[in-house]
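*Asks:* Here is what each chain is made of, one letter per residue.
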Amino acid sequence: MTALSLGLLFAAYAGGLWAYCLIRGYNITPAALFAKTWPAAKAA
Amino acid sequence: MGGFALAWIFGEGMIVYRWARHKAPPPPGALLDASLLFLGLAVVGEYQPARAAATLFAWGVDVAVLLQLIGKEPGVTTNWPPLCIPDTQLMPSKGAGVACGGAQSAGSTAKTTGTTSGKTPTAQLFPGTPKIRPSGVHV
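Protein sequence lines correspond, in order, to chains A and B. Just so we're aligned, residue 1 is where the first sequence starts under my numbering, counting upward by one. Just so we're aligned, residue 1 is where the second sequence starts under my numbering, counting upward by one.
The following block holds chain B by itself, in its conformation from the complex:
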């Protein structure tokens, strides 16, 4: 069964390689069709007389797909990385994503506006709290 396992790894590897070129992991859904095909072939291969035919068919599919793919750029939009879970939710939900790193970008904006005013930057994280100057004198 080593030949069949190699054919399976090679087949899935082609899909993973094309996704990896876009610096994104393939979603399991992209591997599902190939996995189901090889799963069916593995079941057929459990029957001893059909094992060689299943292995040969698996390698045949690999070669056929490879010949189709060679020299073609994968024109897929990966959408990776996906949107993040909103702060108001604990678990992922359908269609409610927000852009990742929102709090971080807000912090960097505040820092930029503080330094471009020409004055000594003061830290006021929350409105209403006393400003703290670098000298430590509370205003």
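Only chain A is shown next, with the shape it has when bound in the complex:
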């Protein structure tokens, strides 16, 4: 039960953060969320 809630909380945090980035217009792909740091600012 603890493991399940831990996994759910982690998934909720990741999903929520991705949604926040999407609403703010940040160029963060779902894969980039799972890097150790945010993607480097390298303008196109």
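Because the hints were derived from the structure by calculation, they are not lab data. You can trust all of the hints, since none of them are fake.
Per the computed footprint, the stretches of chain A lying under chain B, defined by three or more beta-carbons under 8 Å from a beta-carbon of chain B, are:
hint, stretch
1, 11 to 17
2, 23 to 31
Just a few of them, taken from the derived set where beta-carbon distance is under 10 Å, the chain B residues facing chain A:
hint, residue
3, Ala5
4, Gly29
5, Thr78
6, Trp80
7, Cys84
8, Pro86
9, Pro92
10, Cys100
Label-pair restraints from in silico Cβ distances:
hint, chain 1, residue 1, chain 2, residue 2, range
11, A, Leu22, B, Ala5, 29 to 35 Å
12, A, Arg24, B, Leu66, 31 to 37 Å
13, A, Ala31, B, Thr77, 15 to 21 Å
14, A, Leu9, B, Leu56, 21 to 27 Å
15, A, Leu22, B, Trp59, 33 to 39 Å
16, A, Ser5, B, Asn79, 28 to 34 Å
Idealized CB from N, CA, C, for every residue including glycine.
Put chain B on the given structure of chain A with help from the hints.
*Replies:* Relative to the frame of chain A, chain B by itself:
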């Protein structure tokens, strides 16, 4: 299982605190290793005889990490806030970000150039459209 949940919150809290000092949220990837460790310990803790050992190990890891971190500045480059999605795209894509607030800064530049010319500022948002003076007379 309260002791184990506290150990998990404390462990993740250390990571979140260090990121928060740089005014950036930790990416889930930064929390992934710790989460996987505590997830594994939580699975082990489901077995009743191993519950105390799992909780003790979780707190041991927390203390060990804390002793490593105390007094050290987090030397991480957060890269927060990240680049924004280009106007030509709807969804985020890999390696195609632009600096945020480009339209806003262009507008402020136009306003500055209009006021420094010494004349009454006129509004011409699009080339070819009639200029509108403050008096309302169209030229």
